[in-house]
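Novice: Letter by letter, the chains look like this.
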Amino acid sequence: MANQAFNVNGQPVTVDAPDDMALLWVLRDKLGITGPKYGCGINVCKACTCHVNGKAVTTCSTRVGDVKGMNVTTIEGLAVGDRLHPVQQAWLDNDVPQCGFCQPGQIMAAVALLNRTRNPSDADIDAIENVCRCGTYKRIRVAIKAAAAAMR
Amino acid sequence: MNDMTVPDAVADTTSADAVPSPGRRRVLAFAVSAPVMTIAAGFGTNLLVPSRAEAALPLPLTPPDTVDYYDVGDSLVQTALPTMPLVKLSVGTDGVATLDLPRLESGQGIATAVGMMVAEELDLPLSMVRVTASDARPELIFNQISGGSSAVRSFAAAMPLIASSARARLLNAAAIRLGVSASGLTVQAGVVFAADGRSIPYGELTALAATLPLPVGVPKPASQYKIVGKPANRLDARDIVTGKKKFTMDQAVPNAMPTVLRMPTQIRGTTIRVNNEAAVRAMPGVIAVVVIPPGGSIVPNPPGVAVMAETFGQAWDAGNALNVTWGDGPLKGQSNDSILATCKSSIAPLALPPLGAATVEGEFTFAPANHAPLEVECAIADVRANSAEIWAGLQTPIVCQQSIAADLGLPQSAVKVHVIPAGGSFGRRLFWDPVQVAVQVSKATGRICKLMYLRANDMRHTRLRPPQYHKVRATILLGQVISYEQRVAAVRLDARHGFGEMFTAAAGAAPVGVQQSIGNLAYEEVFFKTMVSSPYNFGVGTKVLTPVNLDMNTVSYRSVHIQPARSVEEIMVDEIAKKLGRDPLAFRLEYLRLPRARAVLQAVADAGGWGKSMPAGTAQGIAVHQESRSFIACLVEIDCTTPSSPRVTRATIAVDVGNPINPRGIEAQCEGGLAESISLVLSSGLHVQDGLPLEGSYSQYHFGRQKNYPKDVKVIVMPANGGAIGGMGEVGLSASSGAIANAYARATGIKPRNFPLIFPVDFTPFPPGAFPQRVIVPIQS
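Sequences listed follow chains A and B, in order. So the first sequence is numbered by this note's numbering: it starts at 253 and just counts up by one. So the second sequence is numbered by this note's numbering: it starts at 262 and just counts up by one.
Bear in mind the hints are in silico, worked out from the structure with no lab data behind them. C-beta atoms are modelled at their ideal positions from N, C-alpha and C, and glycine is treated no differently. Please note: incorrect hints may appear among the correct ones.
Said to hold, decoys possible - If the Cβ cut is set under 8 angstroms, some of the chain A residues that face chain B in the computed set are:
#1 G293
#2 T310
#3 V319
#4 Q340
#5 L344
#6 G352
#7 Q355
#8 D374
#9 I377
#10 I380
#11 G387
#12 T388
#13 Y389
Could you build all of it, start to finish, from the sequences and the hints given here?
Specialist: Quick look at the structure:
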């Protein structure tokens, strides 16, 4: 008896879950979409960042009942076929990742930033709070600027 | 592989830079018998390293450090070598080479670096090399531990020979197929060419090659390298940026059920009883409630109450609804203050300075620190009546397999352990406590347990970098430093993982259940002696560690004893230079023992503009370090105009690893090391209060974020210089840590003494023994 209906990466999905279940667990445990990661569960590490209607949200702190009918995009839905999103390509070109665990969230945060601002300032990039324990911050900054240039 | 080749490789990897070799040493038979003392006994003035400082006598003579001859990485490299021929390298019918790497890739870039060695020797593009994580293979013995910055060092000693032997075998097959001599064949991008232009790709040769004897290959000379030494991107980068990389909790193990663990109100507290088990079992989605029993071979099972449910969300809700009566742990009533006071009272005394000498002294403390990898501790376990299967990110999978087999009363061969690449580790995954929990839950429920610690537990009940106290005295006579003594007392470091297998682990652990033992202490002193050195010629130089026997969960940490000890020394060097009225750079250049240390220091001074004028409240700081056969220096600029939030604004780092395999990966490690140093020096620590850290998440444990990282960071990778290949993962901390602390001192006039330097309790702690309440962020329209 599926009671939640929304779109994930362009596909309609229906799942049975209480309204207040975190979207992160619906994606991971019910839909098997594992790109969004658990890192804190309380909206502070941002590893679970995805998009709802094109805006960045932390899925650990988003109730599934609040996204009914909306478009959810995870890291898996960013590329079009084999064609990477310019942010993903910039991430590759600059060899950003180390362990890679936070990177889906970092990329989704960067894409959301570039959706808002075509020419992000250093202050805009500083405002991204996603924790990277490996310390890839330098390359994240370079890659965001490279992606911004590529998207102009 | 021919037996004769391995000892030669050993000799190559252990020759210390610029130091006469004390001769070939035999492979360690047993870890605690590391021949450190034997070698040290042979030191004499005839072995002194010539340096500018010594040439300018009358500086007192400093014997080379133990680590000039033998460091912990050497012990790991040497013990790994005998079983290197068992490492699996295969070439498939698609022409792709697959290396089943018996190490944990957790972001260090080791899989890429070792994959580059394979591509180089096989003349394959890097895109045709796959590196997988090997399951636990007990036959590898000491050759499946990830630590000590030893992975690339170990494989540099063996992989070229293994891969070139595979290449020779493929060429022999091609020679048969083409009816020519193998000596006239060439290889381009995995295709074998005869002189007449005929060609066969590797993929069509594998079946025949598999039937031929394995010849002994001849690795390429470095002058012919096309891949090794050139910057390469990570092999897993595309999987990462597309979300395809699978960590432990992402594994598609059918019917593995989400499980969380509620843990006590104190570190290693006890579970007395669950007061509402039936009510919690009746909650939506809940499958089982399991009290983790005591026990555990090698290390005790973590305490707590596990909840298994259909989703992690439901497990979390149910775990929080548990009403548990908890018992105290061994740190009841203990706080950072009391622990550090115990350390201070345990410290070995300093020698009295000679009459008429001036001294520079300092006392330092380090709060406990958390590895805090983004991927929490986690494991999947499937325990059946006569077998078990495990998936986890493990630095020591063999001893994990052995101890789980012992816990379950199964033969070792009945326990299959899959190693999954980890989302960071930094030493944390040398122990396998989440596996222990998952195994107990699976055993109790008959279900497959997919366990992860929630972040609050991963912060509070994890294993910690030991809190510690340092006391230092440098003695100056007639304008020269004649002694440098550093005494360290640290909560004892749990090293019961041994060298990654049961034999050495048992030596460190016995008797079962006792955290500290003579064996473990001996380990720690051997580790300390073989890790911590000084790059300076300070006359009588000693660093002595006193392990303090407090029953705290500890484990190694990136550069565990070294980052604190050497950061302190770099701070003291600035203070000694100041006392002598010397410039910190010139003073270091004079007193450094080895030319490679001077070279990296000069490189950052030149590239970073040492000595330029800086506005009030800002300053430069500089430091240099050597570790695991590598040398590194760092020059930072800091802005302390807002004293409560100092910001590192610029950094220049130069690193000399002797023989860089992947310069891009080396830069990444240095950039990441800088982030870690910024955090450890300025902001990241745990406040233990009544036996439990207050910090429970990243909003409370302040690991640096983008805004804390400088916008101008330059890393200079020194070119290959013929030196033995050095380690990389850990050497990246101490110079940047020292430079940041020194810059802070110069900007503020405040001596850096207690780390982290900015350490308020600026948050409301979660209740002890509970998970945090969920946070709901509404969707904005």
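Novice: If you test the structure against every hint from before, which numbers come out violated?
Specialist: Violated hints: none at all, because every hint is consistent with the structure.
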